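Number of protein chains: 2
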Amino acid sequence: MNVALLGCGNVGSGVVEVLASNGETIAQRAGLPIEIVGIAVRDPNKPRSLSVDRRLLTTDAAGLVRREEVDCVVECIGGLEPAYDLVMSALEQGKSVVTANKELIAKRGKDLFEAADQMEVDLLFEGSVAGGIPVVHALKESLAGNQVTEMLGILNGTTNYVLTRMSERGESLESALGEAQRLRYAEKDPTDDISGTDAAYKLAILASIAFSSRMAVEDIFKEGIEAITPADLRYAAEQGYVVKLLAIARAAEGGEIELRVHPALVPQRHPIAAVKGHYNAVFVRGNAVGEVMLYGQGAGSLPTGSAVVGDIISVARNFRSGARGRVACTCHDQRKVLDMAKIETRYYVRMGVKDRPGVLGATATVFGKHRVSIASVVQKRSAMDVAEIVWVTHLVQEANVRGALEELRGLPVVQEIGAVIRVEEEE
Amino acid sequence: MNVALLGCGNVGSGVVEVLASNGETIAQRAGLPIEIVGIAVRDPNKPRSLSVDRRLLTTDAAGLVRREEVDCVVECIGGLEPAYDLVMSALEQGKSVVTANKELIAKRGKDLFEAADQMEVDLLFEGSVAGGIPVVHALKESLAGNQVTEMLGILNGTTNYVLTRMSERGESLESALGEAQRLRYAEKDPTDDISGTDAAYKLAILASIAFSSRMAVEDIFKEGIEAITPADLRYAAEQGYVVKLLAIARAAEGGEIELRVHPALVPQRHPIAAVKGHYNAVFVRGNAVGEVMLYGQGAGSLPTGSAVVGDIISVARNFRSGARGRVACTCHDQRKVLDMAKIETRYYVRMGVKDRPGVLGATATVFGKHRVSIASVVQKRSAMDVAEIVWVTHLVQEANVRGALEELRGLPVVQEIGAVIRVEEEE
Chain F
1 MNVALLGCGN
11 VGSGVVEVLA
21 SNGETIAQRA
31 GLPIEIVGIA
41 VRDPNKPRSL
51 SVDRRLLTTD
61 AAGLVRREEV
71 DCVVECIGGL
81 EPAYDLVMSA
91 LEQGKSVVTA
101 NKELIAKRGK
111 DLFEAADQME
121 VDLLFEGSVA
131 GGIPVVHALK
141 ESLAGNQVTE
151 MLGILNGTTN
161 YVLTRMSERG
171 ESLESALGEA
181 QRLRYAEKDP
191 TDDISGTDAA
201 YKLAILASIA
211 FSSRMAVEDI
221 FKEGIEAITP
231 ADLRYAAEQG
241 YVVKLLAIAR
251 AAEGGEIELR
261 VHPALVPQRH
271 PIAAVKGHYN
281 AVFVRGNAVG
291 EVMLYGQGAG
301 SLPTGSAVVG
311 DIISVARNFR
321 SGARGRVACT
331 CHDQRKVLDM
341 AKIETRYYVR
351 MGVKDRPGVL
361 GATATVFGKH
371 RVSIASVVQK
381 RSAMDVAEIV
391 WVTHLVQEAN
401 VRGALEELRG
411 LPVVQEIGAV
421 IRVEEEE
Chain S
1 MNVALLGCGN
11 VGSGVVEVLA
21 SNGETIAQRA
31 GLPIEIVGIA
41 VRDPNKPRSL
51 SVDRRLLTTD
61 AAGLVRREEV
71 DCVVECIGGL
81 EPAYDLVMSA
91 LEQGKSVVTA
101 NKELIAKRGK
111 DLFEAADQME
121 VDLLFEGSVA
131 GGIPVVHALK
141 ESLAGNQVTE
151 MLGILNGTTN
161 YVLTRMSERG
171 ESLESALGEA
181 QRLRYAEKDP
191 TDDISGTDAA
201 YKLAILASIA
211 FSSRMAVEDI
221 FKEGIEAITP
231 ADLRYAAEQG
241 YVVKLLAIAR
251 AAEGGEIELR
261 VHPALVPQRH
271 PIAAVKGHYN
281 AVFVRGNAVG
291 EVMLYGQGAG
301 SLPTGSAVVG
311 DIISVARNFR
321 SGARGRVACT
331 CHDQRKVLDM
341 AKIETRYYVR
351 MGVKDRPGVL
361 GATATVFGKH
371 RVSIASVVQK
381 RSAMDVAEIV
391 WVTHLVQEAN
401 VRGALEELRG
411 LPVVQEIGAV
421 IRVEEEE
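Which chain is which? The protein sequence lines are F and S, in order. In terms of my numbering, the first sequence opens at residue 1 and continues consecutively. In terms of my numbering, the second sequence opens at residue 1 and continues consecutively.
The shape of chain F in the complex, shown without the other chains (with noise of 0.2 angstroms):
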């Protein structure tokens, strides 16, 4: 099967060095040879690995896609254009498309599974989503017999990497950034990873096939890491959580669709909080198959690569069995999602008050009106005449706990509202 790689930067690179090491066994296992024949690059005189065979190197990438004997073409562009105009042409040849980008899934997946379906080719984004874990995978095929009640994903590297140092360092989030920075987890501009957008892409993605029906970036909440102090990670550590970025996707009452990305606090007991430095896991859990969760590297240049190679595999495996659009989309569904004000969980809140008799119970008081029932209160020190308190509340509507702390801000004995954290946990 001859592939048309376009792009080979990062993930490209990976894909080239994961097919030149692994070639026979992956011919063996495919059941016929792979084969690349062209690599799209903006600039063929750039530096590359050793791997890299410089006469496939071309920079007309339209061209390289229409090339007659091109079987599969292979996406690592990234970004909406001109991924969007190469992959759009490819399938309307009816050539079968495997691509590592979240934004083109996430935002454009509707036309381009419409025209792979219409073609009866393979459309194939496993890349797209927490590089090697095989997620896309299980929950479109192995998984696809259960409906999915709930997904919680850690699905970005640099923020889980930052909360875990601050957590186990005490370290500040710059500084905590500045090392993810030097090991290269994080870019120099982090702004799309520590405010939960790229996760917010990748939630999407899973959603969409986790409860078959295409989910919108812009209809998700999405909360960063930004407010986060090492102190809100040692007071939850304190009561038996760790923090975490997560992205929530949830069947609400109802048959609306709770779609989040905040950090949280999760207890240590759940499998999702022993995910630790870059590493990236989905936990999902299905009316069947009860509690699943896959771990492992969420990025990177050969866990992507494997990625990549893995959905080459399977086109190629259709290819040779003469399967004909083997799995169309499968968004059949219409679900709406729920108001965030209309969520159910339960909330930390960090705040300073003014260090004197009578100021615990006023804003417990605030809570109260607000029909915010609290779990736990602890008062955790004492300077310069501001006491920090931290709440724990029981499960209560968002719009409560927002109509609380609105007041509360109003209070002259309240200095400020530090961190509102929600808690995931079953009560």
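These are calculated hints, taken from the structure and not from any lab test. None of these values were measured; they are calculated from a predicted model. Hints are supplied without guarantee of correctness; some may be wrong.
In silico lysine-lysine, BS3-like type, Cα no more than 25 angstroms apart, as pairs [what the hints assert, rightly or not]:
1) S:222 <-> S:107
2) F:46 <-> F:188
3) S:276 <-> F:276
4) S:336 <-> S:369
5) F:140 <-> F:107
6) S:140 <-> F:140
Ranges between beta-carbon positions, derived for each pair [unchecked claim]:
7) F:54 <-> S:255: 51 to 61 angstroms
8) S:254 <-> F:33: 23 to 33 angstroms
9) S:426 <-> F:174: 29 to 39 angstroms
10) F:277 <-> S:168: 17 to 27 angstroms
11) S:375 <-> F:269: 29 to 39 angstroms
12) S:149 <-> F:54: 48 to 58 angstroms
13) S:255 <-> F:189: 39 to 49 angstroms
14) F:93 <-> S:92: 33 to 43 angstroms
15) F:342 <-> S:168: 32 to 42 angstroms
16) S:218 <-> F:189: 56 to 66 angstroms
Beta carbons: idealized from backbone N, C-alpha and C, even for Gly.
Assemble chain S onto chain F, guided by the hints.
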């Protein structure tokens, strides 16, 4: 697609249940409705769950397999006979087969896969290993671009439950096993679980896929958890380890494969150390993907039903898309199993010795003579003139440890070698 179900016990009734509960979603995802047209059972009069349509029951399994309308045969009988004859008959008639039968695949896989390949039909077996965890699919498809270098599995929920309970509550093996039986995590006769036999079947299946070479159950070194005491678990914890019954497959130098099932000390920071209770997990290291772990329920009617139905959906997608023999047998290699005496690992040795001067030196000298280098030694307690010494070695060949232990057993000051547990940790 018409399905014949053979067997309607624990797994078979789970399959019926999943297809009944999630039938509509499954039909949409598979691209066509899946219907059970007959269920072969031993006793049609036995009480069964409401999801089972009694009009479908028959005692004539062979006749059901032969029925022309049947497209896919789902074998949930277990054991070698009559399962083997029925599955072979289905394949020879050009019908795809889904099975959850570990013994059948581990012992007779070769014949069956050859028949399936010849007829270009599917023989899928996700449910035969680790219940609902999609590990067969992951190894066969998503991770197929990798050379697997190492696989560590917790493949038996009974022993993991027992070890977890012994570790967390200090209970004896007997007491923890009794509780496992009460909760139905263990069978009345738990021998196959406790001795590692069950895990060895599953390891043979997974290693055959991971190393593209058929591995025989008889070639797997096997040791059960019978000799583990709560004291061992406590001593292990003090040194930063947990004890798990591990199924290990590892590529050794020279192309041979280590294949072994035995209790092992695992560092608490290893992802597999966090797998508790009756849960299973498979940790895989590949040369592209790095570390991946899959976690979930390794047994049970619905989790295994989930795996079987995932395979049925796969068959249905092949059926609908015209794929013939999409994933052929991948055992194209012939790898030898490394002689157990030649493996290199670390060892935990607990022994009872006479509590008198010079004994530590005398025993240490024996280890040294056999070139067993000691990483740590702790004298645990002393009672009735007997001291307990716990040794942890550096990396050493098993043959050397065996030699040292044989000589130690002959020393008059050594009362007993209480436990010898391998330590799975890189140095």
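Hints, one by one, checked against the model:
1. S:222 <-> S:107: Status holds; Cα separation ~16 angstroms.
2. F:46 <-> F:188: Answer holds: residue 46 of chain F to residue 188 of chain F is near 21 angstroms, not above 25 angstroms.
3. S:276 <-> F:276: Status holds; Cα separation ~18 angstroms.
4. S:336 <-> S:369: violated (31 angstroms)
5. F:140 <-> F:107: holds (19 angstroms)
6. S:140 <-> F:140: Satisfied, since the Cα-Cα distance of roughly 15 angstroms is no more than 25 angstroms.
7. F:54 <-> S:255: 51 to 61 angstroms: violated (33 angstroms)
8. S:254 <-> F:33: 23 to 33 angstroms: holds (27 angstroms)
9. S:426 <-> F:174: 29 to 39 angstroms: 33 angstroms Cβ-Cβ, so the 29 to 39 angstroms window holds.
10. F:277 <-> S:168: 17 to 27 angstroms: holds (26 angstroms)
11. S:375 <-> F:269: 29 to 39 angstroms: At roughly 30 angstroms between Cβ atoms, residue 269 of chain F and residue 375 of chain S fall inside 29 to 39 angstroms, so the hint holds.
12. S:149 <-> F:54: 48 to 58 angstroms: Violated - the Cβ-Cβ distance for residue 149 of chain S and residue 54 of chain F, about 31 angstroms, lies outside 48 to 58 angstroms.
13. S:255 <-> F:189: 39 to 49 angstroms: holds (46 angstroms)
14. F:93 <-> S:92: 33 to 43 angstroms: Check passed, 40 angstroms falls within 33 to 43 angstroms.
15. F:342 <-> S:168: 32 to 42 angstroms: holds (39 angstroms)
16. S:218 <-> F:189: 56 to 66 angstroms: Roughly 58 angstroms apart at Cβ, these two residues keep to the hinted range, so it holds.
Hint violations for this structure: numbers 4, 7 and 12, all remaining hints satisfied.
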